[in-house]
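Which chain is which? The protein sequence lines are A and B, in order. For the first sequence, full-length UniProt numbering gives the first residue as 1, with consecutive numbering after it. For the second sequence, full-length UniProt numbering gives the first residue as 1, with consecutive numbering after it.
These are calculated hints, taken from the structure and not from any lab test. Every value quoted in this text rests on a predicted model; they were computed, and no experiment measured them. Honestly, I wouldn't trust all of these hints.
DMTMM-like cross-link-like pairs, simulated, lysine to aspartate or glutamate; straight-line CA separation at most 20 Å [unchecked claim]:
#  : chain 1 : residue 1 : chain 2 : residue 2
1  : A       : Lys130    : A       : Asp110
2  : B       : Lys130    : B       : Glu59
3  : A       : Lys258    : A       : Asp270
4  : B       : Lys258    : A       : Glu182
5  : A       : Lys130    : B       : Asp274
6  : A       : Lys130    : A       : Glu182
7  : B       : Lys130    : B       : Glu95
8  : A       : Lys130    : A       : Glu56
9  : B       : Lys130    : B       : Asp99
10 : A       : Lys130    : A       : Glu59
11 : B       : Lys130    : A       : Asp184
12 : A       : Lys130    : B       : Asp270
13 : B       : Lys130    : B       : Glu56
14 : B       : Lys258    : B       : Asp270
15 : B       : Lys130    : A       : Glu59
16 : A       : Lys130    : B       : Glu59
17 : B       : Lys130    : B       : Glu60
18 : A       : Lys258    : A       : Glu56
19 : A       : Lys258    : B       : Glu182
20 : B       : Lys258    : A       : Glu59
21 : B       : Lys130    : A       : Asp274
22 : B       : Lys258    : B       : Glu56
23 : A       : Lys258    : B       : Glu59
24 : A       : Lys130    : A       : Asp184
Stretches of chain B that chain A covers, calculated by requiring three or more beta carbons in the stretch to come under 8 Å of a beta carbon on chain A [unchecked claim]:
#  : region
25 : 11–24
26 : 266–273
Here a beta-carbon is modelled for each residue, glycine too, at the ideal position from N, C-alpha and C.
Number of protein chains: 2
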Amino acid sequence: MADRADVTLACIQFEPIIGEPDHNLARMEAHIREAHARGADLVVLPELADSGYVFETMEETARLARPIPGGASAARLCALAAELGLHIVSGLAEEAGGDFYNSALLCGPDGPIGTYRKLHLWNRENLFFKPGNLGLPVFDTPLGRIGMAICYDGWFPETFRALAAAGAEIVCIPTNWVPMPEQDPEAEAMANVLHKAAAHSNGFYIACADRVGTERGQPFIGQSLILDATGWPLAGPASRSAPEILIATVTPGALRAKRQLNEFNNILGDRRTDVYG
Amino acid sequence: MADRADVTLACIQFEPIIGEPDHNLARMEAHIREAHARGADLVVLPELADSGYVFETMEETARLARPIPGGASAARLCALAAELGLHIVSGLAEEAGGDFYNSALLCGPDGPIGTYRKLHLWNRENLFFKPGNLGLPVFDTPLGRIGMAICYDGWFPETFRALAAAGAEIVCIPTNWVPMPEQDPEAEAMANVLHKAAAHSNGFYIACADRVGTERGQPFIGQSLILDATGWPLAGPASRSAPEILIATVTPGALRAKRQLNEFNNILGDRRTDVYG
């Protein structure tokens, strides 16, 4: 696999507006075009990028959620991926059979590739969305094997272990990180700590695209991040409050070597499955 | 459990000398007495604190490894725990039935309580030690439920998940952390990142006691750390190169509340066991 191509990742950190999908999709398109101009092969956007985050009623959720891939948000992103010849992962509010999910779409130049539905719902999301029911799929693409997870999913090491077991090489994280209890606002975000640990312990690249701004009283913390498979940042953390595009180039063909820590140790192979399954 | 007592933890960061157990045990005793004078209820010492780390031959390993709890190192620590009325966790080189393990002893005022044998061996440890075969036990003590893990064990999230499932409240980590590949020596140690993530995602206290110094060409990185169940440091990181005693007081009775992040979310209860077992 030594001849596999490098992949340039972009994380779009921006501020969606609740209830304004046309505005949000226009911003997303502009940011994706800019990322493309900067060489991006794979662009990651935040959680619920088309709808905004802080829903107040089920009626509002129903009004904003759209089918994936058939709805207007997914269709617009797929058309853009085809026009620009790149891959896109975006958080979107999904409607499916009268149920609503906090989802992520993966699409490429040839159309929609897959959907992920958030497994671990945070706080009042539980009032409006159903928990994800598609597991943690990994999709084989020309760029490499791509997995997705959303925000609070990253608090659970099993999320990353399941993606690693399925062969993920690049994990895309649309997110709307909020301050954690007892978080010192001046310290590094725990969200950044958790994803550094996950990249290091699983030997894959992670691209986290967060939002910024305050919505209906809920602040978001920015600090989007693109991580090497060693766990160290290749780009970011981004600003805590301003829109920003992070760009970094990764090499899926290098992962086999990166996971071999020395003559004796392989970060995935050393698991004591005889002890903990 | 609201009336459960606070527990004062101490991590002893010092420099063991390879092949000099009498010297090392004398230093350990002096440091334990100092920690006791500073109020410690539970003292954690580094990995292989009695023997030193960089073994060169099996003969050297055989000469330095001792039975637990019957050998001279364990007996001395147990006597000290009884005299001072405290609990001790220390990494020790263990001999058992002609085999050798990189182990940790837990003892208290009433004698030995339990042994842990390192599950994940690092680098040339594989030449001298057998992999641990006692699982990841958690011991019920008057201070709380105590688990142990050693150094590279902390690179595997399953280590901490298994300890959490067994009800661990305080996890003691004797360690001899070495620089990781591609680690920026000026940046925070990945070892610190991994344990912050583990404390946060499992909602328990973690006390890491590292060594310092360079032994037979192998540098160690210090940066011992005592972590709150939120993942944030209560004490440390300690110096990268100097001996140091870290002290912090924790409250096992507060863990139930700390694990409940908001009305909807519990950091252990939110695991999607239906998806990833």
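Lysine 130 of chain A paired with aspartate 274 of chain B [C-alpha distance capped at 20 Å] | holds, 15 Å
Taken at face value, is the distance from the CA of glutamate 59 of chain A to the CA of lysine 258 of chain B at most 20 Å?
-> violated, 34 Å
Are there three or more residues in the region 266–273 of chain B whose C-beta lies within less than 8 Å of some C-beta in chain A?
-> holds (count 4)
Keeping to a limit of 20 Å between CA atoms, is the pair of lysine 130 of chain A and glutamate 59 of chain B held or broken?
-> The given pair, whose Cα atoms are some 61 Å apart, is violated under the 20 Å limit.
Restraint status (C-alpha distance of lysine 258 of chain B to glutamate 182 of chain A at most 20 Å) | At roughly 10 Å apart (the allowed maximum being 20 Å), glutamate 182 of chain A and lysine 258 of chain B satisfy the hint.
For the pair we were handed, lysine 258 of chain A and aspartate 270 of chain A, check the Cα-Cα distance against 20 Å.
-> With a Cα-Cα distance of about 14 Å, the restraint between lysine 258 of chain A and aspartate 270 of chain A holds, given a limit of 20 Å.
With a cut-off of 20 Å on the C-alpha distance, tell me whether lysine 130 of chain A and glutamate 59 of chain A pass.
-> holds, 15 Å
When you check the alpha-carbon spacing of lysine 130 of chain B and aspartate 274 of chain A, does it fall within 20 Å?
-> Holds, because 15 Å separates the two Cα atoms, which is no more than 20 Å.
Within 20 Å, alpha carbon to alpha carbon, are lysine 130 of chain A and aspartate 270 of chain B?
-> holds, 14 Å
For the pair we were handed, lysine 130 of chain B and glutamate 59 of chain B, check the Cα-Cα distance against 20 Å.
-> holds, 15 Å
Given the hint that lysine 130 of chain B pairs with aspartate 99 of chain B, test it: the Cα-Cα distance must not exceed 20 Å.
-> holds, 7 Å
If you draw a straight line from the CA of lysine 258 of chain A to the CA of glutamate 56 of chain A, is it 20 Å or shorter?
-> Not satisfied, since the Cα-Cα distance of roughly 45 Å exceeds 20 Å.
Taken one by one, the earlier hints fail for this structure at numbers 1, 6, 11, 15, 16, 18, 20, 22, 23, 24, 25, listed in ascending order.
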